[in-house]
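Trainee: The residues making up each chain are set out below.
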Amino acid sequence: MTTPVSPFSHFLLTPRLRPPLVLVSSLVVLVWVAIASMVVFSEPELFISINARAGTVAFDVGNPDLATIPIAGMKAIDANPFGNMAAGTCRSGLLVPSAGVRIGYWASPDGIVITLKSGDDTSVGTFVDQAVSDIEQLPGDVLLTPTGCPPVARGAYPIWGPGQIGEEQRPARIDSPGAEGLLFSGAISIYASSVRKQWFGLAETLYRVEPMTIPPGARIGDLSQTGSRPSWFGVARSNPQDWQTLMVDVTTRQRDIQMILPGDRLQGETIRIGAVVPLFEDPFLRRLQILLAATLALAQTLLAAVRSKETDDPVARDPSDQPPNVPSGAHTDQPPAHRGDADAGRGGDGETGNQR
Amino acid sequence: MTRKSLFLIVAVMWIAPAAAADGLLVLANPDGSFHETFDGERAVSGETLVGLAFGAPGGTFDPSEIRLLNFGSNIAGLCVQMRSRDARYRSINAFRIDPPDAATLRFANAASFGRQLSSYAADDIAIRAVETTECSETARGVILPASLTAAPSTSTLVVFLNVNAVSIGVSLRHDDDEVAVSNACREPKGSRTAYNVLCTLDLPAGLAPAIYLLDIAAVARTGRRESIPPYRVRLGSLPPAQ
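Protein sequences, first through last, are from chains D and E.
Per my numbering, the first sequence starts with residue 1, numbered consecutively.
Per my numbering, the second sequence starts with residue 1001, numbered consecutively.
Honestly, I wouldn't trust all of these hints.
[Stated by the list, open to error] For lysine to any residue, the following SDA-like pairs were computed, each having C-alpha atoms within a straight-line distance of at most 20 angstroms:
no.: 1; chain 1: D; residue 1: Lys117; chain 2: D; residue 2: Pro139
no.: 2; chain 1: D; residue 1: Lys75; chain 2: D; residue 2: Gln130
no.: 3; chain 1: E; residue 1: Lys1189; chain 2: D; residue 2: Glu180
no.: 4; chain 1: D; residue 1: Lys117; chain 2: E; residue 2: Lys1189
no.: 5; chain 1: D; residue 1: Lys75; chain 2: D; residue 2: Cys90
no.: 6; chain 1: E; residue 1: Lys1189; chain 2: D; residue 2: Thr270
no.: 7; chain 1: E; residue 1: Lys1189; chain 2: D; residue 2: Asn84
no.: 8; chain 1: D; residue 1: Lys75; chain 2: E; residue 2: Glu1226
no.: 9; chain 1: E; residue 1: Lys1189; chain 2: D; residue 2: Asp256
no.: 10; chain 1: E; residue 1: Lys1189; chain 2: D; residue 2: Gly119
no.: 11; chain 1: E; residue 1: Lys1189; chain 2: D; residue 2: Ser228
no.: 12; chain 1: E; residue 1: Lys1189; chain 2: D; residue 2: Gln267
no.: 13; chain 1: D; residue 1: Lys117; chain 2: E; residue 2: Ala1184
no.: 14; chain 1: D; residue 1: Lys117; chain 2: D; residue 2: Asn84
Because the hints were derived from the structure by calculation, they are not lab data.
Keep in mind that this is a model prediction, so the values were computed, not measured.
So that you can see chain D by itself, here it is in the shape it has in the complex:
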């Protein structure tokens, strides 16, 4: 009756090789288990960059100083729905918003319209007039529009706080223009920190993951408005090719981006950025894999060479290396070309050898 031959049995039957073999194998297994654990149970540090063409972008002011808006030739209107909505003159200066105020930038034929809402009746911030150095406290809802003012060069407007881009496509109405603020196109680029710093304390490096396309008509951003809300930082600019859209470029370390599609699920979808980053794209881990493979190949070659040397040199061989049922000298009686057969024969009695 023939016993199945294990391909590793000829190694295991060599007592001299067994300790280093076991040691190397154990180390390799441990390294792989450690790396696999780190891959499975940890998420890389990352940040994302969103570039979109949309009719609107809005954010809740996180840092009033950094969200200060330069105003060039715009009218400020008290947007209280029951107020007189008296529009002032065209003014230039700085608008310093209060923390927590929601600022919205909207595309319009005359340029970007800015809306500020406090959520209650408190002031949305102060306006520092460039001409008279006067500081004016603004009411609870304010709209700044370039309509009716001479065209002047207006730069990029700041975004600094948790935000959202676009508005869902809603039914058009009889008594108003159609949907405003639609998101036409966009992409999320993901940048992840290599595990070098996180796990090994080495210098940090970034790598870019495949960008994701944002579905048109969606509203994306920090929509849960609960818990920790990482800031967005970036700018919104007019689009010289298309007055209906703003060019929005923001960066954030927000890990979960909510996305609501028109006519789809009530609570929308969540893009868990960490989950879409394939960790083995990390260049450091790739090098680690190559290093590990090279080590394995080297170890295997060395072991094979040692084994080959032992079988070729009868003096160096340990007499106890022979299985009990194989007559002494059997190896030396066979040419080297048939050594494999002899090994296979010994392998066939592997169980006996293992019992020793």
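Starting from the structure of chain D, add chain E where the hints point.
Mentor: Using the frame of chain D, we list chain E on its own:
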């Protein structure tokens, strides 16, 4: 007669007329079938006012709990439209009222509504009930607010709006007298497709049964006030819950 028995008799006398006044909304579509879609084709109403309700209770939406308050008028027919906030569910059906002057109305067959509705919260569905016998997406007429619970309370009115504006407010007037005004409007979390703003209006106690005008004041992003025609709403007041 003990005091407990007397209390029970008084309670039964108080409740009985109200229960007896409940009328039924009986399906009256010309083809006899119930019209609703979920993830199907949707028509566009083109209306700013998507729904009107007394209060916004918690819990899930239950068609069998819906009540429409008539306040003593004689209604020939109602066109009832329902839309989910995510615009996936939509129903539009004509109903006749049995009897026509019933004070409180409920659906005769609430089980006709799709089971999908139970996955929505009570204020995720906008109900627009228009007094008319011509039921269509653009049906115009006096609107009856819905109560989302079987125990209606008329202390607050929630207005469901589809509007693009910087700021919004709602007000109620009768014979050019302002009855209530509010700019307590908010954008709901999550999808805002069928409607995007909910405004809450506190109604005065003892509101006389009548048709009121609901004004929607909205400042557009052009910096101009939007011109939205007022909606006619049948309102009144119920005694506060005991």
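Trainee: It remains to establish, for every hint, whether it holds in the given structure.
Mentor: Structure-based check of each hint:
1. The straight-line distance between the Cα atoms of lysine 117(D) and proline 139(D) is roughly 9 angstroms, inside the 20 angstroms bound, and the hint therefore holds.
2. Straight-line distance between C-alpha atoms of lysine 75(D) and glutamine 130(D) comes to about 14 angstroms, which keeps the hinted pair within the 20 angstroms bound.
3. Using a Cα cut-off of 20 angstroms, the hinted pair lysine 1189(E) and glutamate 180(D) holds, with the two alpha carbons roughly 18 angstroms apart.
4. Simply put, lysine 117(D) and lysine 1189(E) have alpha-carbon atoms about 17 angstroms apart, close enough for the 20 angstroms limit, and the pair holds.
5. Distance hint between lysine 75(D) and cysteine 90(D) is fulfilled; the C-alpha atoms sit about 5 angstroms from each other, no more than 20 angstroms.
6. Straight-line distance between C-alpha atoms of lysine 1189(E) and threonine 270(D) comes to about 14 angstroms, which keeps the hinted pair within the 20 angstroms bound.
7. At most 20 angstroms may separate the alpha-carbon atoms for a hinted pair to count; lysine 1189(E) and asparagine 84(D) exceed this at roughly 30 angstroms.
8. For a cut-off of 20 angstroms, the pair hint linking lysine 75(D) to glutamate 1226(E) stands: about 18 angstroms separates their Cα positions.
9. Between the alpha carbons of lysine 1189(E) and aspartate 256(D) the distance comes to roughly 16 angstroms, so the proposed pair stays at or under 20 angstroms and holds.
10. Of the supplied pair hints, the one linking lysine 1189(E) and glycine 119(D) holds, its CA atoms being roughly 15 angstroms apart against a limit of 20 angstroms.
11. Between lysine 1189(E) and serine 228(D) the CA atoms are separated by roughly 17 angstroms; this keeps the pair inside 20 angstroms, and the hint holds.
12. Taking the CA atoms of lysine 1189(E) and glutamine 267(D), the gap is about 8 angstroms. The hint holds against a cut of 20 angstroms.
13. With a C-alpha separation of about 13 angstroms, the suggested pairing of lysine 117(D) with alanine 1184(E) holds against the 20 angstroms cut-off.
14. Distance hint between lysine 117(D) and asparagine 84(D) is fulfilled; the C-alpha atoms sit about 17 angstroms from each other, no more than 20 angstroms.
Violated hints amount to a single one, hint 7; each of the other numbered hints is respected by the structure.
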